[in-house]
Structure formats: C-alpha cells, structure tokens
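Participant: Using the hints provided, position chain H relative to the given structure of chain R.
Number of protein chains: 2
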Amino acid sequence: MIREQFSTKLQSLISDDKWLIVQDNYDSKENLVYETNFALTNGYMCTRGSYEETTKTSLPSTYIAGIYDKSEAFMRELANTPDWLGIKLYVERNLLGVEDCELLEFKRVLDMKKSILFKRFKLRDGDGRETLIEGYRFISRENLHRAAIKLFVTPLNYSGIMEMENILDGTVLNFKDFPRFRVKHTNTLEVSNLNGKGCYIETETRDWNTHIGTGTIMRVYKDSERKNLIKSKRYSTFGEVALEFMDFDVKENETIVIDKFASIYTERDVKKEDIKINIEKELSDFILNGIEAEVKDHTEVYEKMWDIANVTINGDDLIDKALRFNLFHLMSTANPKDDTVSLGAKLLHGEEYGGHAYWDTEIFMLPFFIFTNPEAAKTLLKYRYNLIGAARENATFNGFKGAKYPWESADDGTEQCPDWTIEPDGSCYRCMVATYEHHVTADIAFGIYNYFRLTKDLDFMLKYGAEIIIETAKFWVSRCKYNSEFDRYEILDVTGPDEWHEPVNNNCYTNYLAKWNIEKGFEMLELLKNSSASIYDDVTSRICLIENELEAWKEVHDKIYIPFNKEDKLMEQFEDYFKLKDVVITEYDKNDMPVIPAEAREYGIKNTCINKQADVVMLMFLLGDEFDKDIQKVNYDYYEKRTSHRSSLSPSIFSIMGLRVGDNSMAYKYLRRSALVDLHNNQNNTREGIHAASCGGTWQSVIMGFGGMEVDKHNVLTFNPWLPEHWTDIHFKIYFRGLLLEITLSNTSIDAKILEGDSDNLTIKFKNKELVITK
Amino acid sequence: MIREQFSTKLQSLISDDKWLIVQDNYDSKENLVYETNFALTNGYMCTRGSYEETTKTSLPSTYIAGIYDKSEAFMRELANTPDWLGIKLYVERNLLGVEDCELLEFKRVLDMKKSILFKRFKLRDGDGRETLIEGYRFISRENLHRAAIKLFVTPLNYSGIMEMENILDGTVLNFKDFPRFRVKHTNTLEVSNLNGKGCYIETETRDWNTHIGTGTIMRVYKDSERKNLIKSKRYSTFGEVALEFMDFDVKENETIVIDKFASIYTERDVKKEDIKINIEKELSDFILNGIEAEVKDHTEVYEKMWDIANVTINGDDLIDKALRFNLFHLMSTANPKDDTVSLGAKLLHGEEYGGHAYWDTEIFMLPFFIFTNPEAAKTLLKYRYNLIGAARENATFNGFKGAKYPWESADDGTEQCPDWTIEPDGSCYRCMVATYEHHVTADIAFGIYNYFRLTKDLDFMLKYGAEIIIETAKFWVSRCKYNSEFDRYEILDVTGPDEWHEPVNNNCYTNYLAKWNIEKGFEMLELLKNSSASIYDDVTSRICLIENELEAWKEVHDKIYIPFNKEDKLMEQFEDYFKLKDVVITEYDKNDMPVIPAEAREYGIKNTCINKQADVVMLMFLLGDEFDKDIQKVNYDYYEKRTSHRSSLSPSIFSIMGLRVGDNSMAYKYLRRSALVDLHNNQNNTREGIHAASCGGTWQSVIMGFGGMEVDKHNVLTFNPWLPEHWTDIHFKIYFRGLLLEITLSNTSIDAKILEGDSDNLTIKFKNKELVITK
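For the protein sequence lines, the chains are R and H, in the order given. Residues in the first sequence are numbered consecutively from 19, following my numbering. Residues in the second sequence are numbered consecutively from 19, following my numbering.
In isolation and in its complexed conformation, chain R is listed as follows (with noise of 0.2 Å):
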C-alpha cells in the first residue's frame, strides 16, 4: 500500500491505492505534465500542480471559472490569478526544495477519492541537512472559496532556524513559456499584508475590470500542541508579489507543522468593494475550523460524489484507475450551482483553448453528467440557456435567425473562436472555423433532447430545453438553402466534425443533425403547447415564431439532402466527399495509432478521404436508431479505414461504434489510447490541459461501448455488454429517469437493483432479454 510509505499521521488520511495516482521520481521535463495531471479543482478555482518551493520549467496557474479577458490575446481566456501556493523553507539560506536539494525520498500522490495532493520528500541540502517534508494541499470541495496546503516538517539530523516565506505571487502571466503569445490579463490593483493577517492581493481583468482577491495566512506550530513557532515575522510589497518572511527554532527529530489557508473570492461572487472583506472572514472561519476538520467535510463531500460516479472494471487496474482519473477531473470541475459557467475543452486546468465550452460538453461529457449527477448535467445546459440571447444576436450579425450557438463560448455567449490565428512562425492564419463549423448548434440541441429523453425532465424543458430546441430549429431552417435544380434543400460552405475537410457541401452529419433538429423543434412546440397556452406563447414570442412560417420549416425538413447511397448503405461524409483520391490506412504506430500514408500527404490530406476524426461514425453514434446496424457496419468499417483520430474525440466513438456493429478488434486499443491521453500524455500535450471530452467519451466507451448500454427506441434501458477477455465485470451506478440503479455486468449476466427513486420497480433488457429489476 502507497500510504504505508507515509508517515503515521498521513497514512489514516490516505485512501487505497486503486485510488492513487502516483509520481515516483522528480524529473522537471515531466513537470507541465503533472501540473496538469495534479490539478486540483472545486468546479469555482482550479490550481494547477506545481510545488510549493517553485520551480524552473512550471506554469503556476490557479483559473477561476468565469473569469476570463482578452487584452491581447486573441479570444477572451481564462485568465491566470495569483499564485497561492508560494511556500519557501530554507534552512541557513539553503532552499529546501526539489530542485535545490539532493532527492533522498520523492513521491507525491494524487488521492483521487478525496481530491488531496500528498507529497513526501526527504531532501539533503548542499550542507549535509537532511529534512522530511511531508504533507497536503486540497480545494475544499464544501466551501468553494477555501484552499489549503499543510506540511509536517522534521529535521533529520540538525537543529537550528528555520526561515519560511509565505508567497502570493501576481506576476502570473498566461502563456508564460510561449513568448509569442504570453500576455498578461490582469492590472494589479492591491500588494498588502491583509490588515496585518498575511498576504493580500487584489487584481482586476484588464478588459471588464472584473476585481478577483486572493488572501493567504500561515500558521507554524509544533505536531504536538497548537501554540504558535513563528518568532519573527516581517511582510513585504515586491512589486506583484506579496511575501511575509517569519522564522522559527526547529529541533532534530521533532516535527512542526506548517499550515497555509488561502481565499478567493471575486466580483462575481460579492460587491468588489466586499471582496477584501469576505476574504479576511473566510480566512478567519477557516483558521478556526482548522485544516483537518476541512479536509474531513471536503471529503465527504467526495464520497457522495464518488457513491454515484465511480466504475469499477474487475480484471483491468490500469483501465480502472484511468477511467477513475478521467471521472476524478470531470466531475471536479462541474459545478452545479454556477449555471453561468460551463466545462471548458481542457477543463480549468491549463489555457489552452482559452477555458471555452466547444461541442464537447453536450456531446462527449454531458452524458456522464446526466447518468451520474443530472443536477450538474442541468446546470450545464442552462449556461447554454443564459446565453441564448447572444446566440440570436450570433444568427442574426452572421444573416440567419433563429440562435446560432458560437463555435466557441466563454462568458457572454459571444464567438470566442477567433477569426484569426499566428502560426508558430509569426504569420497570421485566417481561422474559418467560426465561419463554417455550425453543428455546434444542433449538437446542444441534442444535448438538450438527451438529457431530457434520460430524465424526463420537463420542468427544465418548459423553462429551458424547449426554447433553445425550437429556436436553434428556427436557425436551421434559415441556414438551408433551396437548390431549384435538384429541388432540395442544402447547406453550403460548412464543416463537419472532420475538420480537415474545409468547407464542404451538406456534410452529412450537419444536415442531419439540422434535420433531427426541426424535427424535434416540431415536437417541442407541440409538448409546450399541449403543456400551457401561456409558455408556448411566451416562448413562441421570444422567439419571434409565426406559426405558418411551420410549413417552411417542414419544407425544408423533408427537402434537407443527406448524401446517403442507400442501396450500397454508404454515407457519404459529404458531397463528393467519394471523388476525393481515396486513401487508406494501412499502418499502425506504436500506440496503435493509424500512420497517415504517405500517399495522403504528398496529395494534401484535403484533397484525399483521410479524415482527422470520426464524422459520419459520429453521427451514427448519437442518432443510432435511425440507421440499421448494418448500415451501421458498412460506415464503421469504410470509415474506420480512412480516420486518423488526430483529435482526441475520435477513439472513445470508434470504440463504441465498433462494439455497436460487432467489430470489437479495435475496441479495447481505442479505448485504452482514450483513456490514458492525459495519464500518459499520449498526445503529448497534457501540459496544456485535461483532454475534457476524451473524460467524458472514455466513461461512454466503458458504460456504453463495452457495457452496451443504451437507450432504445422504445425507449428501454438495454444493456448489451462485450466486455474484453480480462475484465471480470463492470460495476457502476446511474441515474435512469429519477431512479438510481446499481449495476454489475460481465459477459454473461446482469445484476442490477434500483437504490433510490419512486418507482419499485423498471424493465431493463439485457442481451435483447427483457428483465424487470427491483428495490
């Protein structure tokens, strides 16, 4: 067990190991990765997972959802806020920290069942002194405001001074090891020692002037008894850095403990002139509650949350505790009592994509939510219900009606993604994504329709999911364009999911997703209409909906062109998407990643059938029902062949989809490469963030893929599993239209029970084998 490797005091704190993740060895190339990787999120704050002690190759980041600005960038992004983390020891001068000191002992370990990064070092200095530093940090989970770190420090072989430094550090910068792209979000407003308590740092965002506050207290004080060390303590103002220096007698073989609270609050939570305020009493709450009774309700908080979103894979560790990993991030970084934030594509843990909600949270990471914590999956899809007015004026500024979601959203719903890039070499690259990717539209609406079609949720509907359903109908209808010719209806210069075709005519996915969309824009006016004359009336007036503008509407839905051969059963991802050289792939790399031939590259992947990820596949992942499996088949075998899934996205829908036609040759190298994207930094580029949709898509492939579950036309929770030859079973818990059901399933049998909800009982089918399962 890892936590015998702990001291006495740190081991009843530390959970089993299935629980862990552990880093073993201090490497500094390795240290952008666990920053990511160790990031430790309440769904308000996310501090990335560097030390204490600061060192050279780090990009310190503490992300505050909804906290974004622009200023130079290109886009509003989460902007970076001070560091809190800063805790220095030095003994004569001499740092103790990993990088300053000879590694004796190294390990950190990331316990994901309570969201706690425990440390141990044991460290020699260039003068022979040998410390053990052992010890914690967490985001407190039941109070969103508070964060802590503590340390037991025991001389090993001296006695003599300590001195420490307590560090809040406002020089952060975003992008700050990328030179070309590194600005700077915030003005620094205040430099203070909190009314004489510790360290106090006000900023501003640059462009909305949004005021964030960020205190910090240390406390030193002996293992045994509560009385303060601190002999001498002296504050200063270094520019953007906050530091009070304090000093205090350590013995050999005694150890003390080091304790540092940290608040934030900001002018979205409290009146800016209050922030100060909030934050000296949060810090004086929390310093009376003392770490240890914090970490004990921050961590009960976890284990509700864990009761639900755990999945247990008896037979395969390293995919457990990957899949756990995955959850362990996404769920953290849900908020359900914030509706004005959403998950950003690498969550709050690193800048890149500037903290902005793509697709990927109603596709990839919604379902999770909604089979695991429907409140936060709610939550979610309200953010995209608050933004609904910047979605209007999105289709009306782009000549369209109806809402038109942006490709890109971060805190006011307008389009983040920017018209314009710099490449690596300085030149400026027209970015047509905005221009062109409009499925983004129609998967929220699907999002919204899943979650409603798992929970029967109407009261959301009534309030919400209708009107955005109804409303993003309302933009397809005026997105299609008539062809007199062919006397269909088209939608031209798009993108699909396959970004490396750019743009296209009527992708597939797009125009069948626009055509599921007014069809469900149909049904929705009918369930607000049958519901209540005066909510159909208010939203059919917010929406500007005449009702005889219905028949074009229906027009175009039936009209809608979907390139679909349906004789050879082949979709074809767009128009003419089969005149393209067509090219197959025939290598695999060492990850069993396809190699890109070569033949495709010599012709420009654009002009070949390559795709960088799954589009028609995608499609027949969500809308299953609609196409038979052999049609299903066909796809999935054409399409497997020709996808390179150099987006993250791609494998965990390639995995299920193979499992859904029978193929399940690929099944377990897709999932295995999804799930450990970030744990093993597959993609080499888990520095810039958790691969948040890949979280979400490897719960899907698991509970979905292999545990074959689905929700079938008539609307029976099924479940037909393949599970890969080592896993004994699978083991899980969902909520399913109120009820929360517990689940075990292996090849061969299903064992399932409802936990809580008003109903005794629910039909379930299992290998096409109905069943009834009960309290």
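These aren't lab readings, by the way, just hints derived from the structure by calculation. Be a bit skeptical, because a hint or two may be false.
Identical copies carry no separate label here, and so any pair may be met within one copy or between two of them.
[Stated by the list, open to error] Quick list of in silico lysine-lysine cross-link-like pairs, DSS-like style, CA-CA up to 27 Å: (1) 88 to 249; (2) 194 to 251; (3) 481 to 499; (4) 587 to 731; (5) 194 to 249; (6) 88 to 106; (7) 106 to 47; (8) 74 to 194.
Predicted model, so just to flag it, every value in this text is computed and none were measured.
Facilitator: Here is chain H on its own, set in the frame of chain R:
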C-alpha cells in the same frame, strides 16, 4: 591567443592575452563570483556580469553611483535598478541559453584593456539545432549614460524563424537570495514602450523619491547590410517588466547582428520630468552613432587611462594579470567628474556594505589614484569636503566638536553604520562600530595630507583640504579626555583597525593619528595664514575657531598618551593589550593563511593577543618616517605572529612592511593573497562585490612594497626595490608633483624618465643613491 578562438570579425577587437580574464566553463555555482568579476562600470553605473538570457542562480544588478535608499534595510544602501541586460532568443520556443541548451563551446572573456565583456557560445537545443552566439557588452566610458550589447548569431544547421525578447526588468531586489534581508528599494512608476521605440521603466527610490529612468532599444540586421530584419514586434507590460517580443528569419550559416542599446538617467543628473526625454535623445544619438563608433570612443578613453595606470610585472604572469584585474575594477569605478560619490568597500560591483565609503578609500585606494589619476584622487577628497557639514553635525550629536566623519558614508554623510544588525539566526545584534571606531576621521585627514604631500596641490588645500584637517583636529582635541592621575590625555572606549578588540582604551593607532591630525591642524592653520588672511578668516569662522583654543590643542597634542615602550621598541596595540593571553600563530592553511590557534578560540579571541588585521603595523606603514627601521622591525615581527588577516585590508600592508623591515619571507605570499582575493575568490565572498581596499592595497604592495617606493622625510622620491627572484622587473608610470614619470625597476637598476610636466629634471633616490632623471 584567446582572440583566435573567436570569429574573424571579433578578433580585431580583442586584446592580447595579458589583458584578458577568461571563463572557459559554465558552472552555475560560479555564477555569482563571475557576476562580480565580470561586472562593468564607467563610474556612473555598474552592471554585474549576469547572463542576458538569465540563469537560475543570479543576482542581476545595475547600481548607479549615488543612488541610495534605506526603506526596510538597516541603512541607506545602493539601490538595485532595473536590469537592462535581458535578451532572450528562441527557436521554436527553445530558449538559446546556457542553462537551456547543451554547451558545445563556452567562453566568456573580460577584456580589461577595453572594458568589454566578450562571449562565445555554441549551443545545441533540445531539437538538435546548433547556434553560434558571439558578442560583447560594454558600458561606455565616453558617454556615461550609455551601455550596449552586440550579438552575432549564426544558425549552424538550420534555417527558420528566430524569436527574441528585449527585456527590461524592474522586479529587481537587493539581497534577492538572502530572504531575511531581501528588500525592494524602488517604487515602479512607469513601465512603457518608450513612446513606441522600445522598453522604458521609471522607478523612484522609496525614501527620497529620486527618479531613475532606464530605456532599451533593440535592432536586428544582417551582418553584411544594415537593413532591419525584424518582421513583427509586440510590446507588453508584464507588471514591473517591460518586454518587446520580436521575430526574424534566420538562415543556416548566415550571421545576423543584434544590437541592444541602453540608457540610464536619474534625477541626480537632470530634472525628473526630463529623464525620459534625455533617455530618448541619448538612445537616438547612440543608435545614430552605432555601437562600433561608441566602442571606438570608449576604448580610446580606456587607452588613456591604462597608459598611466598599467603596471607590468615581467616574469610573473599570474600576479601581473591579477594586479591588472584589481586596477581595472578600481580605476573603472572612480568618476573624476562626480564629487558627490566616493568608492564603496565593494566598489559598485555588489550590494554588500551598501556601497558605503569607509577608511578603505583614503588609506587603501587613494594612493593609487594620487599617483595615477590625481584628478580622481581630488574628486574622492572633495566628496569628503562636500559632506563636512554632516560630519560637523555628527560630531555635535556625539558630544564632540569639529568634524567627525561617519564610519560608513553614503550620499548624505550621515552615519550609515547601523546600530543594530540582524544575525543569521534572526536575533538583533548591537553593532558598536559607529560608536567606537573613530580613526576614520584621522584617516581622511591623512588621505588629504598625503594627497597634498605627493601632489603639492595648494589650491585644493586652501579651498577644501585644510579645512577638513583643521576641523578634524578640533574633533580629536574634543575627543581626548584628561587623566589627571597621569597628567595625560586619553582616548577611552575606542576601537582601532583591529575590530576583534572592541572597545579598548588608548589604541595606539588612533591616539597616534589623533596627535598627528592635531599637529597637521596647526600646520594647516599656518598654511592658510601664510596664504591669505581672507581664506584664513573664512575657514576659521566656518570652523568657529577661536585663537586661544589652540593652547588646548597644543596641550592635548603634547600630552596624548601613546602606550609605547621605547626601551623594548614594542608598541602596545592598546592599553593593557600585553596583559591579554599571549597566543602565537604557528600554523598556516593551504592558502598560506594563518590558522587561528585552538587555544585562542578557547579563550575567546578577544581575550587574547590575536588580531583580525594590521593595527600597530598599519600605523607604522602610514607614518613610517616617525619610526626607526628597527622599531618597525620589532613591531612587524611581533604582530606578524599575532595577526590572522581575516580582513582583506591586512595582507597587502604586511607585505609592504615586511619588505620595509627586511623580512621578505612572507611578502610574496601576502601579495598573492591580496592580488587574488577576487580572481580566485579566496575569501569566498567575491559574490558580494570587489574587495576594493585590496585592489588599492595590491597596487601599494607592488609599487611601494616590492618597488620600495616612498617619499622620504626630505621629500625625495626614493626606490628601494626588492623583487622576488622570478620577477625580471616592474614597469609603471606615476604622477609626482605635477610630473609624469615612467619607471622600470629591477633589483639592481632603475630606468626612469620624465614624460610630462613643467620641470625638466627631478632628483630621486635609488637604493640610497641620489640620481637625477630627465625628460
């Protein structure tokens, strides 16, 4: 030849090897030592030899003569000002830095002849790209507000885009790597792009709000033509950092040139509202002139300086170069045009001792300047004259009369030796130095008289010098206390040069110099009287000197107690010194430095005869004419066995005195010790700055010790050389009473002539034989 290891274009610029200090390897542990030894100064400002790309261990500092601040420090100290050196070069985000690449070649060369720091790095980055970076930096001696860096950058095996940052960093601190003492001495007022031209930071000292402006501008062009290569440029303010990001194309094996121009002005130079304008103008003129032209002007000034100051020791390359290194830093720091600053104990090269002037200036450094740059010597003494008002107040506040100079002097002449210091353990330590160590006041009078004796600069004495000597004489009269029991005057509670016995009564050195000072006070009164009644009246009325108080002067002068046993010729360092436990040094360490006997440590050193440094011997060195050679020898022999040389002020004096008394056994060892103190970091504290007193002491040791140069009591310049066996001869120039002399000395011969001056001949003595030298 070292120069041959550089590219052709640099070879013509680099001097012969004897002028070069070479660093062949990069070792981060040596960074701080090289930062001191490779610091460059023009007397107005000094920039330490840190790397342009920054390294983890570094104290980048630019100090400006006269810019002091106290803030939270214990005393007013040289305030660190924005670091203008920063240049970072990147290829695909790989920083081309000594710590970030593999070093295929590494060389830094301090060219002392030209005061230019050259470098040549061949770097291989993580992607295998190899880059040659050669170049140099200098701080212009021709235009004191200018500094520059020139780099020649050649991609050796790649073409591509190079990115660059022009960094001006205002986050600088004093004692940055000493947490307990770390202090920020400036407020940052403006961080801007210098009206679109580059980077600009304006700070102010925190106590006196003295404004300091620093500006930098960069240019990049092809070696062959002057055309701009910068393709894009972006300015950012990152808190207290001004930064310009730029990029340009580079081609394999094509050299590009990078120029960085910097300028500094302060409110000491111009009105604060004109600082920025002056910097813009200075930079614009500098760029117009170009670096090459500025280097030419700069090196021409150095050529003139070295023409007089250089000393050649034929037969001893090590000491020849080491002496040159000492003189290089010493002469470079003196600014004959600014009489408001003196030379700090660490020059402008480090932060230790706060940049304060001690007796080190008048006793150790001044003789070098009197003989090689009398103008600079005069300026150093005028600094003391300018602060005579503060010295008068200092006397009054301490209950005395006349002028009492502070032990440590910064810009305003108040005592800057702190009453309290913090020990490394955090405790406060009452520092009694300022309270007891008064000899500095006599040392300054001695320096002035010595200047007069050697230059016959009557004008200076009438205007400035005499007043100081008279006013300090008046101080000493008031300082002495009558002891009726012995009918003598005493100086009680006093510390002599040997600070290990503090305080004592009747320290010989202090009492003797006090007596001498009073005597010279009489002489100066006569001088003034004989020169002009109006000057005499003027000075005496400023001093408030009433004629009849001179009787008291005479009384004190005649009856001051000197503990001097004329029979056994031994002078007692202070009253009852001989009653201390007598411990004698018998062992020497591997550097030939005395090992303090364990017995002395047991007793407590202050209870023994063991001294920190020359005290009685120092007196005999200064006032050699007053003591017969056999007295000198007795005292040298006695104290040589009891002096630990724990001050770098000690070895040079023992070296000279040994030679004067005919004991050459230790002289060369002491010289080595003194000459190499920084070059070999043999006190292990070169990181803190150059040992300035040792620089001057080394010159005195070579010229006045080994060269045996003295001006005898008959005012005749005499030479009585004793050169070590391996020395062929020494060659040097000196000014003597308005004549410039060129002298070559061997053990048996002198070759001397007059190079300049009003007189065509001069009678000198060589080994007690008179001879007349001519033009």
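Participant: Each hint should be assessed against the structure and marked as holding or not.
Facilitator: Each hint, compared with the structure:
For a Cα distance limit of 27 Å, the shortest separation of residue 88 from residue 249 across copies, 24 Å, qualifies, whereas the shortest one inside one copy, 44 Å, does not. In this homomeric assembly, residue 194 and residue 251 come within 27 Å of each other (Cα to Cα) only across copies, at 17 Å, whereas the closest approach inside a single copy is 31 Å. In this assembly of identical chains, the alpha carbons of residue 481 and residue 499 never lie at most 27 Å apart, being 31 Å within a copy and 98 Å across copies at closest. In the homo-oligomer, the alpha carbons of residue 587 and residue 731 lie at most 27 Å apart inside one protomer (21 Å), although the nearest pairing across protomers, at 118 Å, exceeds that limit.
Taking the shortest alpha-carbon separations for residue 194 and residue 249, only the inter-copy value of 22 Å comes in at or below 27 Å, while the best intra-copy value is 37 Å. For the identical chains of this complex, residue 88 and residue 106 are inter-copy neighbours only, at 25 Å across copies versus 33 Å inside a copy, given an alpha-carbon limit of 27 Å. For the identical chains of this complex, residue 106 and residue 47 are neighbours both inside a copy (22 Å) and across copies (20 Å), given an alpha-carbon limit of 27 Å. Both within a single protomer and between protomers do residue 74 and residue 194 lie at most 27 Å apart by alpha-carbon distance, with minima of 12 Å and 16 Å respectively.
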